[in-house]
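In terms of this note's numbering, the sequence shown opens at residue 1 and continues consecutively.
No wet-lab data here; the hints were simulated from the structure.
From a predicted model like this one, the values you see are computed outputs, not experimental measurements.
Any given hint could turn out to be false.
With beta-carbon atoms standing in for the labels, derived distance ranges [claimed, not checked]:
| id | residue 1 | residue 2 | range |
| --- | --- | --- | --- |
| 1 | 37 | 164 | 17 to 23 Å |
| 2 | 74 | 1 | 27 to 33 Å |
| 3 | 119 | 58 | 16 to 22 Å |
| 4 | 157 | 58 | 34 to 40 Å |
| 5 | 139 | 76 | 23 to 29 Å |
| 6 | 58 | 80 | 23 to 29 Å |
Even glycine gets a Cβ: it sits at the ideal position worked out from N, Cα and C.
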Amino acid sequence: MVILPATEADLQAVIELVAQGRAALARQGVDQWQDGYPSPETVRRDLLRGDGRIVRIDGAAAAYAAFFFDGEPAYDRIEEGGWAAEGPYVAVHRLVVGERFVRRGVAAALLREAAREALVRGIRSFRIDTHPDNGPMRALLVREGFACRGKVRYEAVRLAYEKPIFG
Numbered sequence: 001m002v003i004l005p006a007t008e009a010d011l012q013a014v015i016e017l018v019a020q021g022r023a024a025l026a027r028q029g030v031d032q033w034q035d036g037y038p039s040p041e042t043v044r045r046d047l048l049r050g051d052g053r054i055v056r057i058d059g060a061a062a063a064y065a066a067f068f069f070d071g072e073p074a075y076d077r078i079e080e081g082g083w084a085a086e087g088p089y090v091a092v093h094r095l096v097v098g099e100r101f102v103r104r105g106v107a108a109a110l111l112r113e114a115a116r117e118a119l120v121r122g123i124r125s126f127r128i129d130t131h132p133d134n135g136p137m138r139a140l141l142v143r144e145g146f147a148c149r150g151k152v153r154y155e156a157v158r159l160a161y162e163k164p165i166f167g
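Based on the sequences and whatever the hints tell you, model everything.
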């Protein structure tokens, strides 16, 4: 397993991963990503900004996520709780694992890579959110040491998680 910066050459592979993730969420009865988000344009923007990361296993595209080190505006307005840490943080969005690679530790590896990259930048806080009905993601976050800190809003309410990053 290797985690690399995603490039425009990875766009079609990422779009396919997103389609697989969207279908998996639909099978679970979760309405997250069922409205066309993330769009190919959103993913392309990730790639052009250098925010995308792709996981390859034996050369195959196995997973994708976007890492943000410059803040997330939705996180400025947390409800029914609050963030534990002040200051800069890494945020991860659009985390998706291809159907052939689920339950192999790929998502956890992406989260750990985001934390590693944050530490290199001197960032010691990690924030992420997910749909309230996305049980697998919520379980992953708890396993990885995140605590639910409240709710944030995009087009709908999302559960907001945070964890400190130790060096």
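Now for the hints, and whether the structure bears them out:
no.	hint	verdict
1	37 - 164: 17 to 23 Å	violated, 29 Å
2	74 - 1: 27 to 33 Å	holds, 30 Å
3	119 - 58: 16 to 22 Å	violated, 28 Å
4	157 - 58: 34 to 40 Å	holds, 39 Å
5	139 - 76: 23 to 29 Å	holds, 27 Å
6	58 - 80: 23 to 29 Å	violated, 43 Å
Consistency with the previously given hints fails for numbers 1, 3, 6, ordered from lowest to highest.
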